[in-house]
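Protein chains: 2
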Amino acid sequence: MNKKAVILLSGGLDSTTCLAFAKEQGFDLFALTVNYGQRHAFELGSAKKVAQIFGVEKQSVVDIDLRQFRGSALTDEVEVPKDRVESEMTDIPVTYVPARNTIFLSLALAWAESLKAYDIFIGVNALDYSGYPDCRPEYIASFEQTANLATKAGVSGEEFKIHTPLIEMTKAEIIEKGTKLGVDYGLTSSCYDPQGNGDPCGHCDACILRLKGFKEASISDPLNYPN
Amino acid sequence: MNKKAVILLSGGLDSTTCLAFAKEQGFDLFALTVNYGQRHAFELGSAKKVAQIFGVEKQSVVDIDLRQFRGSALTDEVEVPKDRVESEMTDIPVTYVPARNTIFLSLALAWAESLKAYDIFIGVNALDYSGYPDCRPEYIASFEQTANLATKAGVSGEEFKIHTPLIEMTKAEIIEKGTKLGVDYGLTSSCYDPQGNGDPCGHCDACILRLKGFKEASISDPLNYPN
Numbered sequence: 003m004n005k006k007a008v009i010l011l012s013g014g015l016d017s018t019t020c021l022a023f024a025k026e027q028g029f030d031l032f033a034l035t036v037n038y039g040q041r042h043a044f045e046l047g048s049a050k051k052v053a054q055i056f057g058v059e060k061q062s063v064v065d066i067d068l069r070q071f072r073g074s075a076l077t078d079e080v081e082v083p084k085d086r087v088e089s090e091m092t093d094i095p096v097t098y099v100p101a102r103n104t105i106f107l108s109l110a111l112a113w114a115e116s117l118k119a120y121d122i123f124i125g126v127n128a129l130d131y132s133g134y135p136d137c138r139p140e141y142i143a144s145f146e147q148t149a150n151l152a153t154k155a156g157v158s159g160e161e162f163k164i165h166t167p168l169i170e171m172t173k174a175e176i177i178e179k180g181t182k183l184g185v186d187y188g189l190t191s192s193c194y195d196p197q198g199n200g201d202p203c204g205h206c207d208a209c210i211l212r213l214k215g216f217k218e219a220s221i222s223d224p225l226n227y228p229n
Numbered sequence: 003m004n005k006k007a008v009i010l011l012s013g014g015l016d017s018t019t020c021l022a023f024a025k026e027q028g029f030d031l032f033a034l035t036v037n038y039g040q041r042h043a044f045e046l047g048s049a050k051k052v053a054q055i056f057g058v059e060k061q062s063v064v065d066i067d068l069r070q071f072r073g074s075a076l077t078d079e080v081e082v083p084k085d086r087v088e089s090e091m092t093d094i095p096v097t098y099v100p101a102r103n104t105i106f107l108s109l110a111l112a113w114a115e116s117l118k119a120y121d122i123f124i125g126v127n128a129l130d131y132s133g134y135p136d137c138r139p140e141y142i143a144s145f146e147q148t149a150n151l152a153t154k155a156g157v158s159g160e161e162f163k164i165h166t167p168l169i170e171m172t173k174a175e176i177i178e179k180g181t182k183l184g185v186d187y188g189l190t191s192s193c194y195d196p197q198g199n200g201d202p203c204g205h206c207d208a209c210i211l212r213l214k215g216f217k218e219a220s221i222s223d224p225l226n227y228p229n
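Protein chains in written order, with my numbering: chain P, 3 to 229; chain L, 3 to 229.
Possibly wrong hints are sitting among the right ones.
One copy or any two copies: either way a pair holds, since identical chains are not told apart in the list.
Stated by the list, open to error - Simulated crosslink set (SDA-like; lysine to any residue; CA at most 25 angstroms straight-line):
#1 K84 to C203
#2 K163 to I221
#3 K60 to S89
#4 K60 to K214
#5 K163 to I210
#6 K60 to E218
#7 K217 to A174
#8 K118 to G39
#9 K118 to I66
#10 K118 to P83
#11 K154 to L129
Think of the hints as simulated: they come from the structure by calculation, not from any bench.
Excised from the complex, chain P in its bound form:
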């Protein structure tokens, strides 16, 4: 029997590649998807397809409405910014959801503890999107310490490890590596503001960074963008 890992899986490009990393390392895969009231709920369907294709042992979908903690374009009526150049993305974006990764990692920790899984994977990336404070290595290190103090694991001598295989990679490197690992990026969803049929808008920050990554990797993005 292999070691178990809990992987946070949104169905986006980064988390899907992160799942591929965990699979490559030989873990039995437990995928955790959080339905937090995001307006790009289309990605939940992507997460289910990805989980299936990767043959995860189990996918858990947790419903939690974070819209009540207002302040982000991903969960309320603030408009998603469009057609920004990358230099405009350096501030903390309006798409920031307060404490999102802390909530997600806490949920992953809860599930991991009851599974006796001590490896948690999260596809955060510090390079391409420096605006999110909860994507920085020092944040991850601090959460890992908190996790080990929070749980029976910490008491009994086991140690949780938070794996962030993408944290220092560019989007292009992520796409190259994922492609080598066999990821079908046509199943993934990155757009903050997808069209009715789920096709990406091509103009939000996530689409712009994704398209730039594919371009730099000289790989074509299998998704359908508007002309």
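Got chain P; can you put chain L on it based on the hints?
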């Protein structure tokens, strides 16, 4: 205008006293109650009454089903232990919910950040119930550090503080202090396994510690216990 504080309020004796501390310190009160599928859901009604009596600015109730992360008598079909003496309660109890306080504090952090509230209160107690790893001061200190790295607050120079006014108090001291602050403990609910009408069982660990606390404080518990 006063400073705002987010207070985790379950409707139990400890969190209600914690709310009274925050009120005494002059904060505007924002009460966060988590409905996590606990089988003593009666305490949710207690939390609503308590929030009303204390005149909170707002109470948020977050629904999140933690039953899928099995392993605790509070959320699944494991039996709540009865009639244990205190020396038997030193191990981590079966009523432990994996990573519960980390999830609760993460949710409080999300709400606090969007409110621009930098003070979070949680009624954890390290003395009376040493079995929960996420009630220890070193855990709280680590979460506070993580919170400040996780958020825009940390980036902009504001600092979150996690207040744990009860952490070193005995149950009797909590009851004495709360009584001085005007808490009506008849509104609170502590039992892990209440009867159909919400009355406490009198035999679970929570009831035993509560009754002992009232006895040591020489105050009578206004709740109705079975004969």
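Hints, one by one, checked against the model:
no.: 1; hint: K84 to C203; verdict: within (9 angstroms within a copy, 58 angstroms between copies)
no.: 2; hint: K163 to I221; verdict: neither (32 angstroms within a copy, 47 angstroms between copies)
no.: 3; hint: K60 to S89; verdict: neither (40 angstroms within a copy, 39 angstroms between copies)
no.: 4; hint: K60 to K214; verdict: neither (33 angstroms within a copy, 44 angstroms between copies)
no.: 5; hint: K163 to I210; verdict: neither (32 angstroms within a copy, 37 angstroms between copies)
no.: 6; hint: K60 to E218; verdict: neither (34 angstroms within a copy, 49 angstroms between copies)
no.: 7; hint: K217 to A174; verdict: within (8 angstroms within a copy, 66 angstroms between copies)
no.: 8; hint: K118 to G39; verdict: between (29 angstroms within a copy, 22 angstroms between copies)
no.: 9; hint: K118 to I66; verdict: both (24 angstroms within a copy, 21 angstroms between copies)
no.: 10; hint: K118 to P83; verdict: between (41 angstroms within a copy, 23 angstroms between copies)
no.: 11; hint: K154 to L129; verdict: between (34 angstroms within a copy, 17 angstroms between copies)
When held up to the earlier numbered hints, the structure conflicts with 2, 3, 4, 5, 6 and fits the remainder.
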